[in-house]
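Q: Sequence:
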Amino acid sequence: MEKVSRKAINYWRIQAVFGLLVALVVIIICGVLAYFFDFLHIPAMIVGGIAGLFLLYELIYRMWVHPSLFYKYFEFKFTDEVLIVNDGIFNRKHTVIPLFRIQNVDVTEGPIMSKFGLKGISISTAGGGTYIPELEKDRADEIRTMIRSIVKDNRKREIAILKEDEVHD
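Residue numbers (my numbering): 639 to 807.
These aren't lab readings, by the way, just hints derived from the structure by calculation. Wrong hints could be hidden among the right ones.
With a cut-off of at most 35 angstroms between alpha-carbon atoms, the simulated DSBU-like pairs for lysine-lysine come out as follows [claimed, not checked]:
| no. | residue 1 | residue 2 |
| --- | --- | --- |
| 1 | 794 | 731 |
| 2 | 753 | 715 |
| 3 | 753 | 731 |
| 4 | 715 | 645 |
| 5 | 731 | 801 |
| 6 | 790 | 715 |
| 7 | 801 | 645 |
| 8 | 641 | 731 |
| 9 | 641 | 715 |
| 10 | 715 | 794 |
| 11 | 710 | 790 |
| 12 | 801 | 641 |
| 13 | 715 | 731 |
| 14 | 801 | 790 |
All chains, please: the whole structure from these sequences, using the hints.
A: Written as structure tokens, this is what we have:
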């Protein structure tokens, strides 16, 4: 089984920092509103304690624990016929996608991902799809090319079958 790039751990930590900053702004706004308007009639110590626990969760779990565990447990594998994805930290999920069912593949690369040399791959099927996060750019491009080739071959095969059916009718 193949893993995502090791660089992804630091990328996810940076994402968590942005989440932490947003949470901090929301907590400050709620604190100011609670102080000046006392709309909830909740003592400031309780509000502060809840906010502190939330920030502690963001800091410890989302910045340190989750990225390492996600890296450890996310894996995928391409065979000649299927894509196998094992995902999830607490609730493990095993997904098998037949390659002939894949309809589209998209590569995502945001500005921070680009700085780390990473790309993500979204794979779409009629019944849903999956996302392979944060691969090295070269590997992501290689997978995209491979899947697009398979999709193209499948479409040619489907067209040939349809034309063959028309001839027999």
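Q: For every hint, state whether the structure bears it out.
A: Here's how the hints hold up against the structure:
1. 794 with 731: holds, 33 angstroms
2. 753 with 715: holds, 26 angstroms
3. 753 with 731: Roughly 30 angstroms separates the two Cα atoms, so the pair holds.
4. 715 with 645: holds, 19 angstroms
5. 731 with 801: Outside the cut-off at roughly 40 angstroms; violated.
6. 790 with 715: holds, 21 angstroms
7. 801 with 645: violated, 48 angstroms
8. 641 with 731: Holds: residue 641 and residue 731 sit about 15 angstroms apart, inside 35 angstroms.
9. 641 with 715: Holds, at roughly 9 angstroms.
10. 715 with 794: holds, 25 angstroms
11. 710 with 790: Between residue 710 and residue 790 the Cα gap is close to 33 angstroms, so the pair holds against 35 angstroms.
12. 801 with 641: violated, 41 angstroms
13. 715 with 731: Measuring from Cα to Cα gives roughly 14 angstroms; hence the hint holds.
14. 801 with 790: This hinted pair holds, its Cα atoms lying about 17 angstroms apart.
Going through the hint list in order, the structure does not satisfy hints 5, 7, 12.
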